[in-house]
Amino acid sequence: MEKSLNWREFVVTRAIKASGYSAIVFVLLIFVFLMREGLPALSEVDAGNLFSLRWYPIEDLFGILPLITGSLIVTFGAALIAVPFGIGTAIYISEIAPRWMREILKPLVELLGGLPSVVLGFLGILIVSPNLRILLDLPTGLTAFTGSLLLGGIAVPTVVSVAEDALDSVPRAYREGAWALGATKWQTIWRVTLPAAKSGVLTAIMLGVGRAIGETMTVMMVTGNAPVLATSLGSLFSPVRTMTATIAAEMGEVANGSVHYHTLFLIGIILFLISLTVNVIASSVVFRAKKRAERILS
Amino acid sequence: MMKLFARNRHAVQRIGYTLITLMAVATVIPIVGTVIFILFQGGSAISWEFLTGFPYDGMRSGGILPAIIGTLYLTIGTAIFSVPLGIAAAIYLSEYAKDTPLTRIIRLAIINLAGIPSVVYGLFGLGLFVLFLQFGTSILAASLTLSIMTLPVIISTAEEALRSVPQSFRTVSISLGATRWQTIRRIVLKEALPGILTGVILGLERAAGETAPILFTGAAFFLPQLPQTPFDATMALPYHLFVISTQVPEMPIQIQYGTALVLLVFVLTMNVIATIIRSRARAKRQW
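Those protein sequences? They're chains A and B, same order as listed.
Position one of the first sequence corresponds to residue 1 (this note's numbering), numbered consecutively onward.
Position one of the second sequence corresponds to residue 1 (this note's numbering), numbered consecutively onward.
Among the hints, erroneous ones may be present.
[As the list claims (entries may be wrong)] Derived BS3-like pairs: lysine-lysine, alpha-carbon spacing no greater than 25 Å straight-line:
1) B:K284 <-> B:K190
2) B:K284 <-> A:K17
3) B:K284 <-> A:K106
[Stated by the list, open to error] Partial list, computed: chain B residues near chain A (C-beta under 10 Å):
4) R9
5) I187
6) I253
Honestly, the hints are just simulated from the structure, not real lab data.
Computed from a predicted structure; not experimentally measured.
Quick reminder that beta carbons are idealized off the backbone N, C-alpha and C, glycines included.
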């Protein structure tokens with residue numbers, strides 16, 4: 001009896017420990033398999049071609065710059081929307097809203113995070129883009145800006161939950177001190193609470209941007225998918241094509257092992273490295289490290 | 001002078017509050033609006049035939065049964081892999097791991113997994129499961145891909161739930177002669193169950209709504225029959241919505257809204273269940 005108990009305990013403990021390491025294994029596996037399929041592109045496509053301004057795989061033109069600028073401009077637009085609205089909502093939830101309001105708002109924002117991106121893309125095609133076309137008098141409603149608008153919505157829940165957590169973790173004594181000195185609640189929020197939560201709010205912005213740059217379906221459906229180099233902010237109102245959309249749109253049609261296939265994996269490596277950088281920097285910001293990590297994920 | 005200043009500050013506060021409130025309202029209204037809009041627009045498409053029939057006439061008529069069943073299969077498949085692994089990893093982090101550099105690397109890896117773009121998961125699944133392990137474009141490959149994507153959500157929420165169980169519960173159990181695993185299984189896991197369940201459902205909710213990871217690992221444009229084995233490809237609701245809203249010309253708008261509605265209901269039901277479990281557990285908690 002005693003012995004079988006020990007034996008089971010031993011096996012279970014081993015299994016649990018092995019599972020504990022699984023996250024590391026998976027990150028490594030993802031890295032290895034992206035490299036395996038993507039690195040050959042570097043020898044198959046010469047650098048001049050790779051960094052040219054034309055992405056036209058049928059004629060073996062694999063310039064990834066238009067795709068990178070496409071991702072950047074859509075993400076930039078999304079940040080312009082998600083940062084003010086996300087932080088504003090976080091301030092409202094954490095500092096201003098009465099308790100019952102908070103109980104309604106938090107699940108609602110969480111719900112936005114759970115909406116499938118393909119549903120947002122679908123509404124983008126049917127509702128947002130035709131209206132934008134008329135409103136802004138554009139030749140087409142499928143532009144980078146349309147993508148930014150919807151991506152902003154997708155990034156908002158991330159920004160709200162991380163920023164709200166940061167504001168929430170500012171000790172109440174800070175606020176009470178400010179009030180005791182005669183500051184209004186607004187002055188307290190603006191000059192005490194927000195600066196105290198600064199690093200957490202920055203993390204929120206970074207993770208929101210990270211979320212936006214990796215979004216796929218929505219941008220593929222509404223940005224028009226034209227691989228044109230974005231040179232100025234004016235490009236915000238013309239069709240673009242992002243890195244994620246390129247992979248999603250083209251991977252289904254390429255032959256395994258072809259140059260095109262390897263190049264799409266190379267773009268995947270770039271995306272992987274971007275998200276790695278964003279997350280390593282965000283998680284190294286010293287702000288209630290553990291708690292925040294949980295927020296990011298839930 | 002003082003008085004003017006004081007009044008001024010309060011005017012600023014009022015303006016500031018109004019602005020922030022407006023921003024919160026502007027954030028929330030589109031969310032509620034989207035859900036209500038789709039409920040209304042899609043409602044008229046829902047019929048018994050739509051929910052239980054196969055699509056025909058190039059998907060312009062008929063139902064979406066294979067997509068509904070497919071999404072169910074993928075969600076179940078994802079749960080089979082990610083739930084045991086995720087909970088075990090959470091138990092490790094909460095009950096066994098000490099604060100060593102290795103543990104910190106595990107946490108960093110989890111955060112990174114959570115941040116990897118969904119389409120990159122798709123590439124990875126294609127490279128590892130579809131091609132290298134030769135599962136082909138299949139429910140199995142797609143479920144495994146979605147599992148790894150879901151894992152960080154489950155691990156982090158389950159760990160949070162486990163950690164919220166008071167230390168004294170463990171101490172008492174161990175002092176009564178229970179082994180560590182007995183304590184975890186009968187005391188800690190039992191107490192943390194609602195929290196873990198919430199995390200699991202939220203993770204699976206995300207998996208059910210994802211399109212990009214299954215694009216090249218398991219999703220099929222159209223299938224005349226339901227998948228028979230885990231090695232078959234499958235139709236799925238999110239991918240089907242993508243297909244009929246971008247790839248099929250002259251698609252009746254009713255079917256598009258109806259499909260969006262079914263997907264939304266699928267996902268929202270999971271979301272609501274998770275929220276209810278969480279708030280009920282909070283209300284009942286005595287420690």
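Comparing the hints with the structure gives:
1. In summary, the hint linking B:K284 to B:K190 is supported, as the alpha carbons are separated by about 14 Å, within the 25 Å threshold.
2. A distance of roughly 32 Å separates the Cα atoms of B:K284 and A:K17; the hinted pair therefore is violated under the 25 Å criterion.
3. Proximity of B:K284 to A:K106 is assessed by CA-CA distance (about 20 Å); at most 25 Å being required, the pair is judged to hold.
4. Interface restraint check: B:R9 against chain A, minimum CB-CB distance 5 Å, threshold 10 Å, status holds.
5. Checking B:I187 against chain A by beta carbon gives a least distance of about 15 Å; that is not within 10 Å, so the hint is violated.
6. Interface restraint check for B:I253: the shortest CB-CB distance to chain A comes to about 8 Å, inside 10 Å, so the restraint holds.
The structure fails hints 2 and 5 (numbered hints given earlier, in ascending order).
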